[in-house]
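Engineer: Chains as they are written, first to last, in our numbering: chain A, 361 to 738; chain B, 361 to 738.
It should be emphasised that the hints constitute simulated quantities derived from the structure, not laboratory data. Remember, predicted model here, so these are calculated numbers, not experimental data. There could be a bad hint or two in this list.
Within a straight-line C-alpha distance of at most 20 Å, the following computed EDC-like cross-link-like pairs (lysine to aspartate or glutamate) qualify [unchecked claim]:
#1 B:Lys613 to A:Asp675
#2 B:Lys694 to B:Asp722
#3 A:Lys694 to B:Glu461
Selected chain A positions facing chain B (Cβ under 10 Å, derived; list incomplete) [claimed, not checked]:
#4 Lys410
#5 Gln495
#6 Met636
Below, a sample of chain B positions facing chain A; criterion: calculated Cβ distance under 10 Å [said to hold, decoys possible]:
#7 Ile375
#8 Leu728
#9 Val737
No residue lacks a Cβ here, since even glycine has one placed at the ideal position from N, Cα and C.
The primary structure of each chain is shown beneath.
Protein chains: 2
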Amino acid sequence: MSLPPTQIGAPLSEIDTPALIIDLDAFERNLDTMATAVGKLGVRLRPHAKTHKSPIIAAKQIARGAVGMCCQKVAEAEILVAGGVSDVLVSNEVVGLRKLERLASLARHARISVCVDNSIVLEQLALAAERAGSQIEVLVEVDVGAGRCGVRPGPAAAGLARQAAGSRFLSFGGLQAYHGSAQHLRTPEERRAAIASAANATMETLRVLKEAGFQCRTIGGAGTGTFELEGASGVWNELQAGSYIFMDADYAKNVADGTRNANLFEHALFVIATVMSTPSGERAVIDAGHKALSNDSGFPVVLGRPDLRYHRPSDEHGLLDFDSASSRLAIGDKVTLIPGHCDPTVNLYDWYVGVRGFNKPDARVEALWPIAARGAVT
Amino acid sequence: MSLPPTQIGAPLSEIDTPALIIDLDAFERNLDTMATAVGKLGVRLRPHAKTHKSPIIAAKQIARGAVGMCCQKVAEAEILVAGGVSDVLVSNEVVGLRKLERLASLARHARISVCVDNSIVLEQLALAAERAGSQIEVLVEVDVGAGRCGVRPGPAAAGLARQAAGSRFLSFGGLQAYHGSAQHLRTPEERRAAIASAANATMETLRVLKEAGFQCRTIGGAGTGTFELEGASGVWNELQAGSYIFMDADYAKNVADGTRNANLFEHALFVIATVMSTPSGERAVIDAGHKALSNDSGFPVVLGRPDLRYHRPSDEHGLLDFDSASSRLAIGDKVTLIPGHCDPTVNLYDWYVGVRGFNKPDARVEALWPIAARGAVT
Numbered sequence: 361m362s363l364p365p366t367q368i369g370a371p372l373s374e375i376d377t378p379a380l381i382i383d384l385d386a387f388e389r390n391l392d393t394m395a396t397a398v399g400k401l402g403v404r405l406r407p408h409a410k411t412h413k414s415p416i417i418a419a420k421q422i423a424r425g426a427v428g429m430c431c432q433k434v435a436e437a438e439i440l441v442a443g444g445v446s447d448v449l450v451s452n453e454v455v456g457l458r459k460l461e462r463l464a465s466l467a468r469h470a471r472i473s474v475c476v477d478n479s480i481v482l483e484q485l486a487l488a489a490e491r492a493g494s495q496i497e498v499l500v501e502v503d504v505g506a507g508r509c510g511v512r513p514g515p516a517a518a519g520l521a522r523q524a525a526g527s528r529f530l531s532f533g534g535l536q537a538y539h540g541s542a543q544h545l546r547t548p549e550e551r552r553a554a555i556a557s558a559a560n561a562t563m564e565t566l567r568v569l570k571e572a573g574f575q576c577r578t579i580g581g582a583g584t585g586t587f588e589l590e591g592a593s594g595v596w597n598e599l600q601a602g603s604y605i606f607m608d609a610d611y612a613k614n615v616a617d618g619t620r621n622a623n624l625f626e627h628a629l630f631v632i633a634t635v636m637s638t639p640s641g642e643r644a645v646i647d648a649g650h651k652a653l654s655n656d657s658g659f660p661v662v663l664g665r666p667d668l669r670y671h672r673p674s675d676e677h678g679l680l681d682f683d684s685a686s687s688r689l690a691i692g693d694k695v696t697l698i699p700g701h702c703d704p705t706v707n708l709y710d711w712y713v714g715v716r717g718f719n720k721p722d723a724r725v726e727a728l729w730p731i732a733a734r735g736a737v738t
Numbered sequence: 361m362s363l364p365p366t367q368i369g370a371p372l373s374e375i376d377t378p379a380l381i382i383d384l385d386a387f388e389r390n391l392d393t394m395a396t397a398v399g400k401l402g403v404r405l406r407p408h409a410k411t412h413k414s415p416i417i418a419a420k421q422i423a424r425g426a427v428g429m430c431c432q433k434v435a436e437a438e439i440l441v442a443g444g445v446s447d448v449l450v451s452n453e454v455v456g457l458r459k460l461e462r463l464a465s466l467a468r469h470a471r472i473s474v475c476v477d478n479s480i481v482l483e484q485l486a487l488a489a490e491r492a493g494s495q496i497e498v499l500v501e502v503d504v505g506a507g508r509c510g511v512r513p514g515p516a517a518a519g520l521a522r523q524a525a526g527s528r529f530l531s532f533g534g535l536q537a538y539h540g541s542a543q544h545l546r547t548p549e550e551r552r553a554a555i556a557s558a559a560n561a562t563m564e565t566l567r568v569l570k571e572a573g574f575q576c577r578t579i580g581g582a583g584t585g586t587f588e589l590e591g592a593s594g595v596w597n598e599l600q601a602g603s604y605i606f607m608d609a610d611y612a613k614n615v616a617d618g619t620r621n622a623n624l625f626e627h628a629l630f631v632i633a634t635v636m637s638t639p640s641g642e643r644a645v646i647d648a649g650h651k652a653l654s655n656d657s658g659f660p661v662v663l664g665r666p667d668l669r670y671h672r673p674s675d676e677h678g679l680l681d682f683d684s685a686s687s688r689l690a691i692g693d694k695v696t697l698i699p700g701h702c703d704p705t706v707n708l709y710d711w712y713v714g715v716r717g718f719n720k721p722d723a724r725v726e727a728l729w730p731i732a733a734r735g736a737v738t
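Hey, can you work out the whole structure from these sequences and the hints?
Structural biologist: Here it is as structure tokens:
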């Protein structure tokens, strides 16, 4: 792990760049807004730690009522549990005997659940739990439209539920019904249609499960783009949004629902970069490229500077074009970037720099939080 | 830092995926091939550590004759020096008083050089070196065609050389003349034309410097795609190739020079992934997405399986399409991916898994090397 880019109490000018900044005020408002929203919806919140990879942020979510965390990797779950989280869902399929053994061992130290969409893997999971002497809860993943993992809606889930319920070391907990690709549909109408379709697929599966005698403690799914729809549907009871704490430039392209004027959440995650070269009148080179920003969902947006456009990233550099001479930047100038995609951008850094009073003259570094599960790929 | 994905002595089947693999035999052949090539060319090699971010790999390069390392960030230089490397060029502009102070302090513990393209920064660098009581060598960066950092070819370099030579704490070492975008031009003719143009720009600058009374100890530049051209030009005397140790799918698209039949270097870096779901007859889901592979220069290629195509990555998943039923994959199957772009892919992992006899039945894990400067973004 590299050294932190600044120290507690430093002003913004004394942060080495590129640095990953949390606007703590906006971040805390986002946490509160979501806690209020799920309260009104009457559903549980199990936020996704794939976004932040940080036990301290998990603790703040749990302190505001979240029932536990979800994550995508056993290695993330190990780090969350080591960081004090006592209830973790790996909202993903875990394949491979070594990984299943790790998961089963972890289940001796925390409440662990995991998604399954295959009978052979479920058998291996049961054996791993038996060997470890632990209990694991199983959610059967149903493909409700994302076209990635999961069994088809309908009868297939009942067979896996029966198999899980038949093991002394497993329990059948319910369904994982996450529509990933719906999160980034741009209009409210498209998102409503996608989640209505996912709700039908989930209800059809629940009907078959009920006929087969299975109750679902948990119907999990939803993300930041659609959670109000799942939450209000009467179908889902546990929401797994993650990005709401930070919001990125890609999510900002979603058009807000017509019943309110703006997206509920604020940008709270930024990359501060420095102009390191101004080799011509038309461009400025900044010190943030592919290793500082994940550009898989589009380039970052420069906060408060619509006249500047990020482009042509290479590994350690990015270029800023500007509209007119009045926009020119000088060497040493700082720019604040809203990342295109927060999750894989967070994964590039070792440290969060938590700033209180961001964008105020007396802004100060209040916290340095290690991104503990960064690189936890297995 | 996360736990290593396997242990020394393990077979390939006992590596948790996704994992970053070095084929140690191919890697060592690449090291030897480059050492031989620069020997024949009669130039120095200062390999780029931005590729590997590892003091142990740096040591292997230095043991084969490299004069030192280059890197892009002060934080990388700090980790290289802490790992025993005694001669480091930051082949990039360093901007900001804190960073310059760090660089100047580092220069008390190793021979440090750095690129400069701006007079104000050069003044700050001299002051930082004076305060630290250290000596720093300056290379003036010239934009020889890449269109990123660097002064224009010609007289501008002489002013910076004079300024550097005027400081008791700095020395003028020569020119940084790297043509980044030439590395990935696909045909030998395009690469030859680009480097011929870069050579002219460099010679023009050298002429002006000579008239002003300045000798250049170092004319640095070149990458894996063009190093034979710079090396044979009589202009450059220190080559900075990095990717040659690993080679990626993007470099493999370069057409070899007509004077030989194949690229000099072999693929030596791979990501092993596991099929984690096979939800329909047409696709398999693997456990390697944006957090396991940097797709900025194209998707990975599946080693030995031209019938499989990687596509639609999300954060933790990738899809493999196949041509026919005979190509079908089963849950638990492993695939070996050649990353699209090695440098930012390496930056996603904490560990190299060094395998001896890769692709032989008795392949074994021989080494676990931390990617020490991973995330060293400042």
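Engineer: Are the hints correct? Go through all of them and say.
Structural biologist: Here is how each hint holds up against the structure:
1. Our distance criterion of 20 Å between C-alpha atoms is met by lysine 613 of chain B and aspartate 675 of chain A, whose separation comes to about 19 Å.
2. Proximity of lysine 694 of chain B to aspartate 722 of chain B is assessed by CA-CA distance (about 16 Å); at most 20 Å being required, the pair is judged to hold.
3. As the CA atoms of lysine 694 of chain A and glutamate 461 of chain B are separated by approximately 18 Å, the hinted pair is consistent with the 20 Å bound.
4. For lysine 410 of chain A, the interface hint holds, since its Cβ comes within 10 Å of a Cβ in chain B; the closest pair sits about 6 Å apart.
5. Nearest Cβ of chain B to the Cβ of glutamine 495 of chain A: about 23 Å, over the 10 Å cut. The hint is violated.
6. Nearest Cβ of chain B to the Cβ of methionine 636 of chain A: about 4 Å, under the 10 Å cut. The hint holds.
7. The beta carbon of isoleucine 375 of chain B is positioned within 10 Å of a beta carbon in chain A (closest approach about 8 Å), and the interface hint is therefore held.
8. Given the 10 Å rule on beta carbons, the hint for leucine 728 of chain B is violated: about 13 Å separates it from the nearest Cβ of chain A.
9. The criterion of a C-beta within 10 Å of any C-beta in chain A is met by valine 737 of chain B, whose closest approach is roughly 5 Å, and the hint holds.
The earlier numbered hints that this structure contradicts are 5 and 8.
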